[in-house]
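> Start from the sequences and build out the full structure, keeping to the hints where you can.
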Amino acid sequence: MKILYELLELQGISGDESRTAKYLCEYVEKRKKNWKVAPEIFFGEEFHDCLLLKFGHPTTAVFAHIDTIGFMTRYNNQLISVGGPEVIPGTWLVGEDSLGAIRCRIQGNEDELFHDFPRGIIPGTCLSFEQEIRVDEEYIQAAYLDNRLGVYNALKLCETLENGWVIFSTYEEHGGGSMPFLLRFIQENAPIKHALISDITWVTEGVRHHEGVAISIRDKFIPRRKFINRVIELAKESGVPFQLEVESAGGSDGREIQFSDYAIDWCFIGAPEDHVHSPDEKVSLVDLQAMIDMYQYLMKNL
Amino acid sequence: MKILYELLELQGISGDESRTAKYLCEYVEKRKKNWKVAPEIFFGEEFHDCLLLKFGHPTTAVFAHIDTIGFMTRYNNQLISVGGPEVIPGTWLVGEDSLGAIRCRIQGNEDELFHDFPRGIIPGTCLSFEQEIRVDEEYIQAAYLDNRLGVYNALKLCETLENGWVIFSTYEEHGGGSMPFLLRFIQENAPIKHALISDITWVTEGVRHHEGVAISIRDKFIPRRKFINRVIELAKESGVPFQLEVESAGGSDGREIQFSDYAIDWCFIGAPEDHVHSPDEKVSLVDLQAMIDMYQYLMKNL
Amino acid sequence: MKILYELLELQGISGDESRTAKYLCEYVEKRKKNWKVAPEIFFGEEFHDCLLLKFGHPTTAVFAHIDTIGFMTRYNNQLISVGGPEVIPGTWLVGEDSLGAIRCRIQGNEDELFHDFPRGIIPGTCLSFEQEIRVDEEYIQAAYLDNRLGVYNALKLCETLENGWVIFSTYEEHGGGSMPFLLRFIQENAPIKHALISDITWVTEGVRHHEGVAISIRDKFIPRRKFINRVIELAKESGVPFQLEVESAGGSDGREIQFSDYAIDWCFIGAPEDHVHSPDEKVSLVDLQAMIDMYQYLMKNL
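Residue numbers (the working numbering), protein chains in the order written: chain F, 1 to 302; chain E, 303 to 604; chain U, 605 to 906.
Just so you know, not all the hints are guaranteed correct.
No more than 25 Å apart at the CA atoms, straight line, and that leaves these computed lysine to any residue pairs for SDA-like [unchecked claim]: (1) E:Lys495 with U:Ile645; (2) U:Lys626 with U:Trp639; (3) U:Lys797 with F:Tyr23; (4) U:Lys904 with U:Arg635; (5) U:Lys840 with U:Glu763; (6) U:Lys824 with F:Ser278; (7) F:Lys220 with E:Gly477; (8) U:Lys840 with U:Asn767; (9) E:Lys495 with U:Cys629; (10) E:Lys528 with U:Gly648; (11) E:Lys495 with U:Ser622; (12) E:Lys522 with U:Gly712; (13) F:Lys300 with E:Gly346; (14) E:Lys522 with U:Phe651; (15) F:Lys220 with F:Ser278.
If we take Cβ atoms under 8 Å as the criterion, some of the chain U residues that face chain E in the derived model are [stated by the list, open to error]: (16) Ser622; (17) Val686; (18) Gly728; (19) Arg788.
Bear in mind the hints are in silico, worked out from the structure with no lab data behind them. We treat Cβ as the ideally placed atom computed from N, Cα and C, and that holds for glycine.
This is how it looks when you write it as structure tokens:
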């Protein structure tokens, strides 16, 4: 899990994913020779800060967003949100501007946010939760499990994947924006019929720790039932523990597939977490393993 | 109106339109030999649960959405909405899960919805309003006139249409999502300049029963004035009774044409109904006939 | 500034931009022979009410929206908004319906708007703020500086531009809708990598009159940081006065570039105004000049 620890330490809020993308690209270049199939790699300014890996002859793509929620400095000592971070006064934030490294605490509330850094911070500076990774027998707890675990799952999948796209997208936490051009590129080069969203969901009264990876029947948006039924059938065959999610809120990269110019079925599949969008996101290790196993099975059998 | 009765009995909330699509496709296959022009039919997994009919050389398309609002079961005895159904406690819902047929009543309110079915229902099960069709000299009243009447109007149009697309779309009640790929397919195969939205609108202080089909100058979105003016001119020439609608809220498949990658003018034209999104939607038969007549005229003269 | 005065007198709320587009097209046809490079002109029904000018070999496009906020008559003496106009009871509105010229005042509040015109106005009639242009040594004040100044800036740029697209878009004030088809046309004909949004922003506690053109690091949406950093570097080199904006709300044509099917970097650059969306919008002449100078510099050096 060394790669997961490194991923968790990377700062990269929505809009500022270039370092994370570069890290992933270098990792892929280094590891691909050990993978069952060496993918074709699409990376660079033409793809902004996204990374696309094409394995064999794809009919399905896996999407994992690489951006995180966070904060941006405004004028004076004001902060504004990037995505929807949990605002807990006293939480430590870290970042850097041209004057040097920054470590400060959140003050105020969701409507009026401030930092307590002794000097002014240059407007537009990105700040992330200070990272503290905690792993025990049952759980991993850290900032940004959403979606470093989804990225980790996608990288694990690469080791054995024979046919399929693995896509690292940007901007998901702040309304999206990379999915449309990624989908166009995919459909014009090696088109897909299905998409799996490798992302982290919520622990709720119906989705609990240790009960397996969540397969989402819906969130704010509703994927096509015919496809979801097929995914559930395969999930049953797989023997991998899973639970069904039915939510009326929340969204993912699936939203942008739904509204894209292409008829692509999609399904969100991911481990559930507690303390969403806080520095203390918490996921069961059993559920993470189920997520990894389920993706391996589905990408072979879909 | 046998076909209308059959349409009204079909269950198919947004995301779960496959049965409705199949029914329509079979109907078209059976009837097309009696139509003035036999259309080219596009149907199947490539088009998800949509159906496209191409008559002659199109410059205009008619869009009718085939999905309906409804409910989905969540955990325990909770319900969540699909689209924006009117929530009236005590309303009967029907559906089916793998344990058998379901008939139950809505309890609670818009924020906390429940059903009273004696056994648990499998999470993610789709439920629709129980249907009760009432027709008298003046009105038709039933669940899901929105948009079974729009579909019926489109099918009536097929009988005499010489040039044009007739499109049965999905997902309209829940944010849309099929229009973008339908539009791309249309524009890449037999492109259009204009679109008419065959859907049902609201009775308001300015749009009344028995005063003709409503031509919408705007809802939440604003079609291009130049095109609307032309539609109104033709409507005047047609002699068919119509009324003008000006609303600040509401949307339709027109929204997705507005935001599509193509410069296509659009106009919503449909009969008004009372008791919107309830089991008691009510439309004047005179207005329905005006809707049918107006589409015939416009598709010949636009 | 004769052209600016003429632009400010043109009525053309979102959806009803045909007269403004025609005026611009005629202006371009008349003036292009005096420009450094004569552009290729794309105009006509195929482009709805937009106008595209292609100079040389573009890698960057400048977008200026030509629509304005305003009002539309509903039933009886009701008004509804187009875009988000400031509602100040007593404000004079002007327009025209088939019965003749209209001049009336706003009554009521944002939830229930009325006009006081003695006769009924035909439903769906467009009304604009009555124009009163005031210019002194320091400021220009008028209705619709947003975005007549952005259009004026784009036209000034045309005089010396060698390579680039200059695009006049529609619908921006009311949710957008022309950008997707404009972007598709651009990318299929002479594709770009960057876009600058020539529009007017807000005076706030961090963006003030007389301190230069505002370069927006973000509004509700977040452009890619890597590109923004490059724009800021160039802005520093330019010697043109500028200030950095960081907002959590507001949007522009940049939003639709972000969500388009293409990987195009974008940045909003415009003078700030006070009394936004009122008849009294106010911009510093120094900031307007900085906007014009900055576009000249960036379009040469990006």
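> Evaluate each hint against the coordinates.
Hints and how they fare:
1. Simply put, lysine 495 of chain E and isoleucine 645 of chain U have alpha-carbon atoms about 21 Å apart, close enough for the 25 Å limit, and the pair holds.
2. Of the supplied pair hints, the one linking lysine 626 of chain U and tryptophan 639 of chain U holds, its CA atoms being roughly 20 Å apart against a limit of 25 Å.
3. The hinted pair formed by lysine 797 of chain U and tyrosine 23 of chain F meets the criterion: a straight-line CA distance of about 24 Å does not exceed 25 Å.
4. For the proposed pair lysine 904 of chain U and arginine 635 of chain U, the alpha carbon gap of about 21 Å is at most 25 Å, so the pair holds.
5. This hinted pair checks out: lysine 840 of chain U and glutamate 763 of chain U have alpha carbons roughly 24 Å apart, not beyond 25 Å.
6. The hinted pair formed by lysine 824 of chain U and serine 278 of chain F meets the criterion: a straight-line CA distance of about 22 Å does not exceed 25 Å.
7. For the proposed pair lysine 220 of chain F and glycine 477 of chain E, the alpha carbon gap of about 10 Å is at most 25 Å, so the pair holds.
8. Taking the CA atoms of lysine 840 of chain U and asparagine 767 of chain U, the gap is near 22 Å; set against the 25 Å cutoff, the hint holds.
9. A C-alpha spacing of about 22 Å is found between lysine 495 of chain E and cysteine 629 of chain U, which places the hinted pair at or below 25 Å, so the restraint holds.
10. At roughly 12 Å between alpha-carbon atoms, lysine 528 of chain E and glycine 648 of chain U fall within 25 Å of each other, so this suggested pair holds.
11. Restraint check: the Cα-Cα separation between lysine 495 of chain E and serine 622 of chain U comes to about 17 Å, which is no more than 25 Å; the hinted pair holds.
12. At roughly 21 Å between alpha-carbon atoms, lysine 522 of chain E and glycine 712 of chain U fall within 25 Å of each other, so this suggested pair holds.
13. Between lysine 300 of chain F and glycine 346 of chain E, the direct Cα distance comes to roughly 24 Å. Compliance with the 25 Å bound is thereby established for this hinted pair.
14. Of the pairs offered as hints, the one joining lysine 522 of chain E and phenylalanine 651 of chain U holds, with about 23 Å between alpha carbons and a cut-off of 25 Å not exceeded.
15. Taking the CA atoms of lysine 220 of chain F and serine 278 of chain F, the gap is near 21 Å; set against the 25 Å cutoff, the hint holds.
16. A least Cβ separation of about 5 Å between serine 622 of chain U and chain E falls short of the 8 Å threshold, and the interface hint therefore holds.
17. The interface hint given for valine 686 of chain U is met, as the beta carbon of that residue sits about 7 Å from the closest beta carbon of chain E, less than 8 Å.
18. Among the interface hints, the one on glycine 728 of chain U holds; its C-beta lies about 4 Å from the nearest C-beta in chain E, closer than the 8 Å criterion.
19. The interface hint given for arginine 788 of chain U holds, since its Cβ lies 5 Å from the closest Cβ of chain E, which is under the 8 Å cut-off.
The structure meets every hint from the earlier list without exception.
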